[in-house]
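Below, each chain spelled out in residue letters.
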Amino acid sequence: MSTAERGSGGWLHRREVVKALLADRGDLLVVAGLGAPAWDATEAGDHPLTLPLWGGMGGAAMIGLGLAIAQPDRRVLVLTGDGEMLMGLGSLATIGARRTRNLSVVVLDNERYGETGMQATHTAQGVDLAAVANACGFASCSVVTAMDAITRLRGDVHAGAGPLFAQVKVAADRLPLVLPPRDAPHLKNRFREALLGAQAYFH
Amino acid sequence: MSPDWPRGLYQLLKAQNIRQVSVVPDAGHMELIEFCESDSAIELVRLTTEEEGVALAMGAWLGGDKSVLLTQSSGVGNCVNMLSMLAVSQTPLTMLVTMRGDWGEFNPWQVPMGRATQPVLEAMGVLVSRADRADDVVPLAEGALRIAYNTLRPTALLIGQRLLGAKTFKD
Numbered sequence: 001m002s003t004a005e006r007g008s009g010g011w012l013h014r015r016e017v018v019k020a021l022l023a024d025r026g027d028l029l030v031v032a033g034l035g036a037p038a039w040d041a042t043e044a045g046d047h048p049l050t051l052p053l054w055g056g057m058g059g060a061a062m063i064g065l066g067l068a069i070a071q072p073d074r075r076v077l078v079l080t081g082d083g084e085m086l087m088g089l090g091s092l093a094t095i096g097a098r099r100t101r102n103l104s105v106v107v108l109d110n111e112r113y114g115e116t117g118m119q120a121t122h123t124a125q126g127v128d129l130a131a132v133a134n135a136c137g138f139a140s141c142s143v144v145t146a147m148d149a150i151t152r153l154r155g156d157v158h159a160g161a162g163p164l165f166a167q168v169k170v171a172a173d174r175l176p177l178v179l180p181p182r183d184a185p186h187l188k189n190r191f192r193e194a195l196l197g198a199q200a201y202f203h
Numbered sequence: 001m002s003p004d005w006p007r008g009l010y011q012l013l014k015a016q017n018i019r020q021v022s023v024v025p026d027a028g029h030m031e032l033i034e035f036c037e038s039d040s041a042i043e044l045v046r047l048t049t050e051e052e053g054v055a056l057a058m059g060a061w062l063g064g065d066k067s068v069l070l071t072q073s074s075g076v077g078n079c080v081n082m083l084s085m086l087a088v089s090q091t092p093l094t095m096l097v098t099m100r101g102d103w104g105e106f107n108p109w110q111v112p113m114g115r116a117t118q119p120v121l122e123a124m125g126v127l128v129s130r131a132d133r134a135d136d137v138v139p140l141a142e143g144a145l146r147i148a149y150n151t152l153r154p155t156a157l158l159i160g161q162r163l164l165g166a167k168t169f170k171d
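Keeping their order, the protein sequence lines are chains A and B. Counting in the numbering used here, the first sequence runs from 1 upward without gaps. Counting in the numbering used here, the second sequence runs from 1 upward without gaps.
Some clues are possibly wrong.
[Stated by the list, open to error] Straight-line C-alpha distance at most 20 Å; calculated SDA-like pairs for lysine to any residue:
no., chain 1, residue 1, chain 2, residue 2
1, B, K14, A, H203
2, A, K19, A, A149
3, B, K14, B, E31
4, B, K14, B, D4
5, B, K14, A, Y113
6, A, K19, A, T151
[Stated by the list, open to error] Each pair of labels, with its calculated beta carbon distance range:
no., chain 1, residue 1, chain 2, residue 2, range
7, B, R7, A, E115, 46 to 54 Å
8, A, H158, B, A123, 39 to 47 Å
9, B, E105, A, P181, 43 to 51 Å
10, A, D24, B, M30, 20 to 28 Å
11, A, T151, B, G143, 26 to 34 Å
12, B, G104, A, A194, 32 to 40 Å
13, A, A159, B, G104, 41 to 49 Å
14, B, A87, A, Y201, 35 to 43 Å
15, B, M30, A, P48, 27 to 35 Å
16, A, L49, B, G77, 27 to 35 Å
17, A, A159, B, A41, 24 to 32 Å
18, B, Q90, A, G137, 51 to 59 Å
19, A, D128, B, G143, 41 to 49 Å
20, A, H158, B, R46, 27 to 35 Å
In case anyone wonders, no lab produced these hints; they're calculated from the structure. In this text, a Cβ means the ideal position worked out from N, Cα and C, and glycines have one as well.
The task is simple: from the sequences and hints, build the whole structure.
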């Protein structure tokens, strides 16, 4: 589909998608990739068990993997963008090779580098991230283009056999910034305290 | 040459309760990788590039696990921007770096990154120590781990090429 035909109509609204995915999140652990996914997750509700990233581009899925290995009884969701995922494609191979069951990677794919002027990413040229994840051995891979599929996806994130990968096609809208805290030790410490309790500070 | 420091490093990782060990293989780490691989209490995470191990360390620490990254000096160059995350968030990691390009190197392409390894790490806020004698490897690694996990910062131990034995491509 060409750029001109895309528009926002007919494409999912990223903030509605994230709000639906994080609804009744229970004890879900969330990593939100830098840029728009971090703003989306913040609009859905700043939460101690969400790590919003302000950097480390290409690393979101691997942070999720380290967390999923450390916490095998919890579900881990990585919410990131297509540009961030493209920078860390190798991590899909690393995750696929391990078959980590409690990890989901959801890419909000607007086919753009949203923070730098909406330049096209490779997904705009047809690079198929879900097919890459499938080829890497993810247990479940999908391209999502409808909101009713988001409800199903939310269920799989909480209870399905992972690793799960979903590429959600979203409109390339410019949205108001909803910024999370940017103090990284605070983000880290509140996450660890919410997850590990007072033990977080006795290591 | 069958030095005992790889076994000593493995015992140190166990004693320090390191649960996630990430790696892009290097000949210098061969024995340590094998020890970790055969230990079901250690999660050995094979990477496609070393920066994945830096991000993994962030997630591991969020989840309550200590981790170590095994890499060759060339892999340090692949980690640079990702190290920002550990520095800015005061997140611990120890990198055990086997050196290339600093003694008797056979391959000219290894020399630039070998020369840059220590300054690049230090520029990114990583505390660096260096072992050039086999007897020093384990005590220096213990010091690097203690500083990392007691003071919440990334540290690296460089293991010199002279200690490892330079590859000649003649064997």
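Structure-based check of all given hints:
no.: 1; hint: B:K14 x A:H203; verdict: holds, 15 Å
no.: 2; hint: A:K19 x A:A149; verdict: holds, 14 Å
no.: 3; hint: B:K14 x B:E31; verdict: holds, 15 Å
no.: 4; hint: B:K14 x B:D4; verdict: holds, 16 Å
no.: 5; hint: B:K14 x A:Y113; verdict: violated, 43 Å
no.: 6; hint: A:K19 x A:T151; verdict: holds, 11 Å
no.: 7; hint: B:R7 x A:E115: 46 to 54 Å; verdict: holds, 48 Å
no.: 8; hint: A:H158 x B:A123: 39 to 47 Å; verdict: holds, 42 Å
no.: 9; hint: B:E105 x A:P181: 43 to 51 Å; verdict: holds, 46 Å
no.: 10; hint: A:D24 x B:M30: 20 to 28 Å; verdict: violated, 48 Å
no.: 11; hint: A:T151 x B:G143: 26 to 34 Å; verdict: violated, 52 Å
no.: 12; hint: B:G104 x A:A194: 32 to 40 Å; verdict: violated, 51 Å
no.: 13; hint: A:A159 x B:G104: 41 to 49 Å; verdict: violated, 56 Å
no.: 14; hint: B:A87 x A:Y201: 35 to 43 Å; verdict: violated, 20 Å
no.: 15; hint: B:M30 x A:P48: 27 to 35 Å; verdict: violated, 41 Å
no.: 16; hint: A:L49 x B:G77: 27 to 35 Å; verdict: holds, 34 Å
no.: 17; hint: A:A159 x B:A41: 24 to 32 Å; verdict: holds, 28 Å
no.: 18; hint: B:Q90 x A:G137: 51 to 59 Å; verdict: violated, 34 Å
no.: 19; hint: A:D128 x B:G143: 41 to 49 Å; verdict: holds, 48 Å
no.: 20; hint: A:H158 x B:R46: 27 to 35 Å; verdict: holds, 28 Å
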